[in-house]
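K.L.:
Protein sequence lines correspond, in order, to chains A and B.
The numbering of the first sequence is our numbering, which starts it at 1 and goes up by one.
The numbering of the second sequence is our numbering, which starts it at 1 and goes up by one.
Don't read these hints as lab results, they were simulated from the structure.
Bear in mind the structure is a predicted one, so any value in this text is a computation, not a measurement.
Mixed in with the good hints there might be a few duds.
[To be verified] Facing chain A, from chain B, some residues (calculated, C-beta under 10 Å): (1) D15; (2) D16; (3) E22; (4) R41; (5) R62; (6) G101; (7) M124.
Glycine included, every Cβ here is placed at the ideal spot set by N, Cα and C.
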Amino acid sequence: MASGMLSFDQVPPLAAPLRFFVTAPLFIALAGLLAVIDGPAILASRWTPAALAATHLLTVGFMLQVMLGALIQVLPVVAGAALARPLWVARVVHPAINLGALALAGGFLWSAPGWLHAAGTLLALALLVFVGAAGSALFRVPSTSPSIRGLKLSLVGLAVVGGSGLFMLLALAGGWSLPLLALADLHAAWGLAGWAGVLLAAVAYVVVPMFQLTPGYAARPAWGFPVFLFAVLLAWSAALAFDADWPARLGRLLLAAGGAAFAVQTLRLQAKRRRARPDTTFRYWQFGLYGALLALAMLAAGALVPALADDPRWTPAFGLVLLLGAFVPLIVGMLAKIVPFLLWLDLQNHGLVGKALPPMNKLLPEAPMQRQFQVFVAAAGLALLAVLLPDWLSRPAGVLLIAAAVWLAVNLLQAAWRHGRQLQQAPA
Amino acid sequence: MSIREFLIDDHRHCDDFYAAAEQAVERGDAAAAAAAFGQFRAALLRHFAAEEQTLFPAFEARTGMTMGPTQMMRIEHEQMRGLVEVAEEALDGGDLEEFLGQAESLLIMMQQHNMKEENVLYPMCDQHLAGEPAVLERLQSELA
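Please build the complete structure, drawing on both the sequences and the hints.
P.N.:
Written out as structure tokens, the structure reads:
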């Protein structure tokens, strides 16, 4: 208890989380680049080398990267569970996850066992160090809120998605005979629901009411939602031992229902928000929540009518809506608030006060972020249309996605540059 | 009622005034904004004072921890007092855009401060001060 009590006065140094946020957008750009190079082939099936590579550029290179960086900052604030050596963890995990994500994409793209082995080694290192450091801080504190319980479960989900991914990499590189299709479905479900979904909910429980001034999430569903997702995932995984189709279909249906309940509740709370202006974060969240509802409706429809997936366009469309329509915009929306806040907090902790301390919206102004949001929406929309007209639209969608990602990176780097310039005025 | 529940309610009470001030600025109603921000400031400073004069000393006396989380909270209170002043200056000077920027920075800082209190410090206070109901009673009278 004592160490947990003391730990929230240790603010992690800015350099620990910031590096993850600055490099992550480049992976969205790389996914766009693959679409430009490969064109329509990238949307032909979820199993093409380019589709597997692009999926993992988005999920590992962007989503996982931002989420790990954010957790370094979030754990002490939300749970009083500071990592023991945040800068050390960042210095190991950041290069490992960046190089690992690149190697993973390369391994898929060129079906190269050497690259896949390198990716497995680097990503295993990153996850072992991170889960070890975060877990030993987090599991020491009591679960006094739905968020803390959710954070703990999400870390377990991360271990499962990482472990299952590693296992499949070894199988793929070694040519083992395994039911890879069923395993890949479970791996994706653990990654997107058990890790990313639970983490998103755990963070939303505190961030949405407090930053957007909405009413709080109802307590009982908030405590129950992460546990519900976990129960479904565990039952679905156990059912893999039986040669039956219905557990996976039921699992999808239940995940879709649970996720939709969370998204609808969040939309209802946001409708009651009392902030004066709809800022970029809010717009990204609205977009992401409606995107999530569409993706979850597709998930449920696919579970009820399996013939839908006979159309080769169905699964790529679902993946695009879920990633570019929901998870990525929800995460970018958070970045738009967390980056200027951390830069601002760092200036304040360096002794800048009063007029010398520029407010957050001077570090990362609204106007360029709003325009970046519009480009992102256009890119996501065009990518979805490209499923229907791949010959015409897959390359333009890739170009727009690159533009949106580069613009995001430029906006964040400019904010960091303004912070650096301001820091020179700090008292020694 | 626990210390945590009572002080969470008081945080939300401060939020209400903040929201009213921001919305008045957005409507361009400077007088209403000044009134609401004045109420926000008073409620916030009263909350800080009750914590610093009643809750934190009781927690520190009970646990012997004077340089731990309560010390950090005191530092953040001091930073927020400064931010309230800067925002108020902008409002008094009629620079509403500057006010919105300064006020938002204050809001985000205040909310992450509140998260730490609500999820970590207050549960500890409830745990360690369970045998001292007078602390909650005193907080209730100070924040009535």
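K.L.:
Close enough to count: is the Cβ of D16/B nearer than 10 Å to one in chain A?
P.N.:
Since chain A brings a Cβ to about 8 Å from D16/B, closer than 10 Å, the hint holds.
K.L.:
Does the nearest C-beta of chain A fall within a distance shorter than 10 Å of the C-beta of E22/B?
P.N.:
Constraint on E22/B satisfied, holds at 4 Å.
K.L.:
Does the nearest C-beta of chain A fall within a distance shorter than 10 Å of the C-beta of R41/B?
P.N.:
17 Å, violated
K.L.:
Does the closest beta carbon of chain A sit nearer than 10 Å to the beta carbon of D15/B?
P.N.:
With Cβ-Cβ at 6 Å, under 10 Å, it holds.
K.L.:
Would the stated hint for R62/B survive a check requiring a Cβ distance to chain A of less than 10 Å?
P.N.:
Constraint on R62/B not satisfied, violated at 12 Å.
K.L.:
Please verify that hint: G101/B, Cβ, nearest Cβ of chain A, below 10 Å or not.
P.N.:
At 4 Å from the nearest chain A Cβ, G101/B passes the 10 Å test, so the hint holds.
K.L.:
Against chain A, is M124/B within 10 Å by beta-carbon distance?
P.N.:
Since the shortest Cβ distance to chain A is 6 Å, the answer is holds.
Violated hints, in rising order: 4 and 5; the structure is consistent with all others.
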